[in-house]
Amino acid sequence: MSLDKFQIAKRIAKELQDGFYVNLGIGIPTMVANYIPEGIKVVLQSENGLLGMGPFPEEGKEDADLINAGKQTITTLPGSAFFDSAMSFGMIRSGKVDLTVLGAMEVSENGDIANWKIPGKMVKGMGGAMDLVASAKNIIVAMMHTNPKGESKLLPACKLPLTGVKCVKKIVSDLAVMEVKDGAFHLLERAPGVSVEEIQSKTAGKLVIQGDIPEMEF
Amino acid sequence: MSLDKFQIAKRIAKELQDGFYVNLGIGIPTMVANYIPEGIKVVLQSENGLLGMGPFPEEGKEDADLINAGKQTITTLPGSAFFDSAMSFGMIRSGKVDLTVLGAMEVSENGDIANWKIPGKMVKGMGGAMDLVASAKNIIVAMMHTNPKGESKLLPACKLPLTGVKCVKKIVSDLAVMEVKDGAFHLLERAPGVSVEEIQSKTAGKLVIQGDIPEMEF
Amino acid sequence: MKKTFNNAEEATQDIKDGAVIMLGGFGLCGIPENCIAALVKTGVKELTCISNNAGVDDFGIGLLLKKHQLKKMIASYVGENSEFERQLLSGELEVELVPQGTLATRCMATGYGMPAIYTPAGVGTEVAEGKEIRNFNGKDYLLEYAFNSDFALVKAWKGDTDGNLLYRDTARNFNPLMAMAGKITIAEVEELVAPGELDPNNIHTPGIYVHRIFQGANYEKRIEQRTVNKKKEA
Amino acid sequence: MKKTFNNAEEATQDIKDGAVIMLGGFGLCGIPENCIAALVKTGVKELTCISNNAGVDDFGIGLLLKKHQLKKMIASYVGENSEFERQLLSGELEVELVPQGTLATRCMATGYGMPAIYTPAGVGTEVAEGKEIRNFNGKDYLLEYAFNSDFALVKAWKGDTDGNLLYRDTARNFNPLMAMAGKITIAEVEELVAPGELDPNNIHTPGIYVHRIFQGANYEKRIEQRTVNKKKEA
Numbered sequence: 034m035s036l037d038k039f040q041i042a043k044r045i046a047k048e049l050q051d052g053f054y055v056n057l058g059i060g061i062p063t064m065v066a067n068y069i070p071e072g073i074k075v076v077l078q079s080e081n082g083l084l085g086m087g088p089f090p091e092e093g094k095e096d097a098d099l100i101n102a103g104k105q106t107i108t109t110l111p112g113s114a115f116f117d118s119a120m121s122f123g124m125i126r127s128g129k130v131d132l133t134v135l136g137a138m139e140v141s142e143n144g145d146i147a148n149w150k151i152p153g154k155m156v157k158g159m160g161g162a163m164d165l166v167a168s169a170k171n172i173i174v175a176m177m178h179t180n181p182k183g184e185s186k187l188l189p190a191c192k193l194p195l196t197g198v199k200c201v202k203k204i205v206s207d208l209a210v211m212e213v214k215d216g217a218f219h220l221l222e223r224a225p226g227v228s229v230e231e232i233q234s235k236t237a238g239k240l241v242i243q244g245d246i247p248e249m250e251f
Numbered sequence: 034m035s036l037d038k039f040q041i042a043k044r045i046a047k048e049l050q051d052g053f054y055v056n057l058g059i060g061i062p063t064m065v066a067n068y069i070p071e072g073i074k075v076v077l078q079s080e081n082g083l084l085g086m087g088p089f090p091e092e093g094k095e096d097a098d099l100i101n102a103g104k105q106t107i108t109t110l111p112g113s114a115f116f117d118s119a120m121s122f123g124m125i126r127s128g129k130v131d132l133t134v135l136g137a138m139e140v141s142e143n144g145d146i147a148n149w150k151i152p153g154k155m156v157k158g159m160g161g162a163m164d165l166v167a168s169a170k171n172i173i174v175a176m177m178h179t180n181p182k183g184e185s186k187l188l189p190a191c192k193l194p195l196t197g198v199k200c201v202k203k204i205v206s207d208l209a210v211m212e213v214k215d216g217a218f219h220l221l222e223r224a225p226g227v228s229v230e231e232i233q234s235k236t237a238g239k240l241v242i243q244g245d246i247p248e249m250e251f
Numbered sequence: 317m318k319k320t321f322n323n324a325e326e327a328t329q330d331i332k333d334g335a336v337i338m339l340g341g342f343g344l345c346g347i348p349e350n351c352i353a354a355l356v357k358t359g360v361k362e363l364t365c366i367s368n369n370a371g372v373d374d375f376g377i378g379l380l381l382k383k384h385q386l387k388k389m390i391a392s393y394v395g396e397n398s399e400f401e402r403q404l405l406s407g408e409l410e411v412e413l414v415p416q417g418t419l420a421t422r423c424m425a426t427g428y429g430m431p432a433i434y435t436p437a438g439v440g441t442e443v444a445e446g447k448e449i450r451n452f453n454g455k456d457y458l459l460e461y462a463f464n465s466d467f468a469l470v471k472a473w474k475g476d477t478d479g480n481l482l483y484r485d486t487a488r489n490f491n492p493l494m495a496m497a498g499k500i501t502i503a504e505v506e507e508l509v510a511p512g513e514l515d516p517n518n519i520h521t522p523g524i525y526v527h528r529i530f531q532g533a534n535y536e537k538r539i540e541q542r543t544v545n546k547k548k549e550a
Numbered sequence: 317m318k319k320t321f322n323n324a325e326e327a328t329q330d331i332k333d334g335a336v337i338m339l340g341g342f343g344l345c346g347i348p349e350n351c352i353a354a355l356v357k358t359g360v361k362e363l364t365c366i367s368n369n370a371g372v373d374d375f376g377i378g379l380l381l382k383k384h385q386l387k388k389m390i391a392s393y394v395g396e397n398s399e400f401e402r403q404l405l406s407g408e409l410e411v412e413l414v415p416q417g418t419l420a421t422r423c424m425a426t427g428y429g430m431p432a433i434y435t436p437a438g439v440g441t442e443v444a445e446g447k448e449i450r451n452f453n454g455k456d457y458l459l460e461y462a463f464n465s466d467f468a469l470v471k472a473w474k475g476d477t478d479g480n481l482l483y484r485d486t487a488r489n490f491n492p493l494m495a496m497a498g499k500i501t502i503a504e505v506e507e508l509v510a511p512g513e514l515d516p517n518n519i520h521t522p523g524i525y526v527h528r529i530f531q532g533a534n535y536e537k538r539i540e541q542r543t544v545n546k547k548k549e550a
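Heads up: the sequence lines are chains A, B, C and D, in that order. Quick note: the first sequence uses the working numbering, first residue 34, plus one each step. Quick note: the second sequence uses the working numbering, first residue 34, plus one each step. Quick note: the third sequence uses the working numbering, first residue 317, plus one each step. Quick note: the fourth sequence uses the working numbering, first residue 317, plus one each step.
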């Protein structure tokens with residue numbers, strides 16, 4: 034059975050390592066924060082100017098001056114630091130953020146990503162996404178394997194305007210975990226009960242299947 | 034009679050205007066701070082990271098963490114701010130410092146300045162001088178008109194390695210106040226009792242003398 | 317050296333039609349509410365606004381949009397604003413979308429006297445179209461230019477009459493960068509104090525960058541996405 | 317995530333011969349005294365040091381010079397040190413002089429992920445020799461590259477165990493810039509506290525830039541030019 038959003042977030046959380054500084058995009062990526070493995074410390078960076086982001090505030094304790102990059106009210110954890118937007122993207126560009134998790138509309142087999150613009154629709158802007166994908170040393174994409182029409186979002190080449198090129202390292206979809214390298218999606222894990230054949234049929238780009246593909250563990 | 038160092042500093046202080054942010058170099062320029070006209074507020078920038086530099090501390094109140102660019106112990110005035118060296122030179126480069134006063138070994142008639150290196154002698158380095166002269170919108174040089182051998186330091190072209198090109202706007206020497214523009218030194222004022230002829234004889238570069246040249250007032 | 321003004325109307329009265337203005341803030345967080353209200357009042361138009369976002373329909377830069385005071389918007393994200401969308405699609409409004417980090421760094425470049433910066437953001441995308449690309453150490457970068465603006469309108473938490481500013485939490489965002497970048501920088505603060513009352517070690521924007529300052533009134537500080545946890549978390 | 321070390325010896329023990337290290341400080345103000353002492357102790361040599369100054373004969377980087385541990389010095393001002401002069405003139409030591417603002421901005425460029433910056437400092441002088449010159453808006457600028465260093469050794473006033481740093485007065489200088497620029501950044505602090513004890517609005521160097529931190533001991537904080545006023549000034 035394919036994963037739901039929470040399970041995707043939970044699986045991505047397994048990629049976290051002790052001491053990681055992590056930037057989580059809007060949507061599923063944000064939920065990764067709820068599944069940080071016990072015993073490790075991960076510091077969340079919010080690109081509007083905060084290291085050490087904490088959970089949403091208790092009701093009544095919202096503070097208009099304290100929001101995340103999704104404009105949601107948040108809190109800080111001990112050891113947090115505020116800074117301006119230039120320093121924030123400075124630390125992103127210089128590779129100090131260990132892991133970036135973000136959503137995508139399309140990913141290509143060479144690691145290109147499209148997630149900011151659909152021609153003919155209102156363009157809202159790229160926000161910080163282009164900076165993040167151009168600079169992060171480790172990018173994991175959280176996405177559905179197919180769009181609502183059932184078409185694969187893992188393509189030989191992106192059709193939508195790109196956000197960045199050759200940057201995605203790993204994809205966790207509702208069906209599979211894949212590594213992106215050498216111009217192909219390399220299947221690492223299947224969602225519980227999902228067959229290699231189903232994954233293959235829903236992957237338009239080149240999919241490399243080597244040996245037995247284990248089911249994901251959480 | 035030619036001016037002494039204190040008088041040069043005093044004459045330069047007349048150039049200060051209310052609200053000016055000023056960077057004073059080592060030597061005579063530092064002494065300008067002692068003659069700030071009454072009724073105006075001038076904020077001193079020290080390029081090691083301070084706005085709002087105050088006088089030397091009282092004896093016993095020296096603080097190793099609080100020095101100026103000449104490495105002298107200093108104090109701060111109310112409204113001061115500390116910052117790092119990049120921001121310090123950032124504000125210098127972006128023209129936020131209204132006036133820079135510094136010493137010179139040579140100045141040329143087109144405004145080039147040499148004040149950091151004598152070939153064959155130990156080179157101590159340019160410190161912040163090259164940044165200052167390349168960026169300041171208003172540079173006044175405080176200097177002796179001639180060197181100890183009696184040779185003019187106001188030249189058609191500098192002989193020593195340059196610190197910066199076409200940057201000096203005004204010179205206050207022990208003999209005269211001159212504006213540097215259009216490839217010449219323009220004589221504005223004489224030191225009390227010093228003749229135009231003496232100034233001319235000690236100025237190797239092109240000197241423009243137009244109309245009556247008044248004596249300096251302090 | 318008098319930098320203090322009584323209110324936003326006085327501090328912004330020489331902002332004329334066609335001016336290029338920077339506005340601090342991220343979403344509705346840390347925006348110069350009083351300055352925006354003053355511009356709405358004067359009705360100055362044909363403005364080019366540089367700001368990370370364009371406000372919402374009835375707050376922030378959205379108030380200027382509603383009165384058709386904007387000619388052009390330079391921003392990284394302009395969602396959450398239906399009037400913006402309408403004006404853009406009808407051709408009333410120009411928009412230039414800039415990656416957020418590029419926007420921030422181009423402001424900083426101005427304040428730091430750097431004419432341009434190199435950034436990898438946008439390489440290989442339509443943002444790179446017409447731009448100079450240069451390879452350093454095997455990686456491509458775009459050359460992006462420092463911004464030129466007539467005025468920067470910023471919002472700080474505390475400020476002193478010498479113009480030193482201190483921001484609070486994530487309301488800092490673009491404010492210190494734009495404060496450094498304005499030909500004339502106008503700062504509104506929640507609390508204006510005398511020089512010496514702020515710790516010189518904790519100044520975020522040194523006064524040299526700030527030309528005008530006033531204590532703002534009636535801050536609404538609207539929250540865009542109110543998210544809460546019902547139960548207490550550790 | 318353990319960033320804390322017991323002392324300078326432990327924090328610096330993997331600095332090997334030939335390493336490129338940045339050292340914070342301006343003159344003797346804000347220098348990493350404990351780290352320097354540890355390097356003197358280990359005797360690591362062939363170091364390339366990037367630092368605004370080279371210390372004095374018997375303090376700061378001068379201590380490393382005295383033991384012939386330096387191959388090259390990159391600095392803006394190297395006066396006040398006769399041993400430095402001797403080694404330079406005898407050819408034992410290489411030196412590269414860099415304008416102070418260029419030095420600072422090249423450090424910042426590294427920490428901000430910018431491969432190079434443009435600065436007008438040095439145009440028309442021997443500093444410009446062999447460098448690329450580019451004109452922007454009628455003014456010439458030099459292209460100067462970001463620094464690559466193996467280690468950055470910085471000194472802060474206070475720090476927490478997550479690596480957040482706070483500097484005091486003009487002891488800030490190059491420290492935050494180098495802290496951002498080190499592949500491995502080692503911070504020594506006068507007072508090491510638990511996370512949460514420093515105000516998150518007043519952090520000068522966020523912990524993400526700091527890999528190792530320890531509380532230094534026996535700070536001498538030597539004054540280079542003791543200047544005082546005899547009588548009390550207003």
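Take these hints with a grain of salt, some might be off.
[Stated by the list, open to error] Straight-line C-alpha distance at most 25 Å; calculated BS3-like pairs for lysine-lysine: (1) K74(A) x K499(D); (2) K388(C) x K332(C); (3) K388(D) x K332(D); (4) K537(D) x K383(D); (5) K157(A) x K447(C); (6) K318(D) x K74(A); (7) K455(D) x K157(B); (8) K38(A) x K318(C); (9) K388(C) x K74(B); (10) K170(B) x K455(D); (11) K318(D) x K388(D); (12) K332(C) x K129(B); (13) K150(A) x K357(C); (14) K447(D) x K157(B); (15) K150(B) x K388(D); (16) K332(D) x K455(D); (17) K546(C) x K383(C); (18) K318(C) x K47(B); (19) K361(D) x K383(D); (20) K499(D) x K455(D).
Just so you know, these hints were derived from the structure itself, not from any lab.
Hint-by-hint comparison with the structure:
1. Taking the CA atoms of K74(A) and K499(D), the gap is about 21 Å. The hint holds against a cut of 25 Å.
2. Under the criterion of a C-alpha separation no larger than 25 Å, the hint pairing K388(C) with K332(C) is consistent with the structure, at around 15 Å.
3. A distance of roughly 15 Å separates the Cα atoms of K388(D) and K332(D); the hinted pair therefore holds under the 25 Å criterion.
4. Annotation: proposed proximity of K537(D) to K383(D) holds, straight-line Cα distance about 21 Å (limit 25 Å).
5. Distance restraint check for K157(A) and K447(C): the Cα-Cα separation of roughly 22 Å lies within the 25 Å cut-off, and the hinted pair is therefore satisfied.
6. Between K318(D) and K74(A) the CA atoms are separated by roughly 10 Å; this keeps the pair inside 25 Å, and the hint holds.
7. With a C-alpha separation of about 28 Å, the suggested pair K455(D) and K157(B) falls outside the 25 Å cut-off, and the hint is violated.
8. Restraint check: the Cα-Cα separation between K38(A) and K318(C) comes to about 57 Å, which exceeds 25 Å; the hinted pair is violated.
9. Only pairs whose Cα atoms come within 25 Å are accepted, and K388(C) paired with K74(B) is rejected, the gap being roughly 39 Å.
10. Taken as a hint, the K170(B) and K455(D) pair is honoured in the structure, with Cα atoms around 13 Å apart against an allowance of 25 Å.
11. A threshold of 25 Å between alpha carbons decides the hint, and for K318(D) with K388(D) the separation of about 33 Å lies outside it, so the pair is violated.
12. Between K332(C) and K129(B) the alpha-carbon distance is near 23 Å, which keeps this suggested pair within the 25 Å criterion.
13. Our distance criterion of 25 Å between C-alpha atoms is broken by K150(A) and K357(C), whose separation comes to about 35 Å.
14. Between K447(D) and K157(B) the CA atoms are separated by roughly 22 Å; this keeps the pair inside 25 Å, and the hint holds.
15. Only pairs whose Cα atoms come within 25 Å are accepted, and K150(B) paired with K388(D) is accepted, the gap being roughly 20 Å.
16. Between K332(D) and K455(D) the alpha-carbon distance is near 43 Å, which puts this suggested pair outside the 25 Å criterion.
17. Pair hint K546(C) plus K383(C) does not hold up; C-alpha atoms about 39 Å apart against a cutoff of 25 Å.
18. Simply put, K318(C) and K47(B) have alpha-carbon atoms about 20 Å apart, close enough for the 25 Å limit, and the pair holds.
19. Proposed proximity of K361(D) and K383(D) is supported: the alpha carbons are some 9 Å apart, at most 25 Å.
20. As the CA atoms of K499(D) and K455(D) are separated by approximately 34 Å, the hinted pair breaks the 25 Å bound.
When held up to the earlier numbered hints, the structure conflicts with 7, 8, 9, 11, 13, 16, 17 and 20 and fits the remainder.
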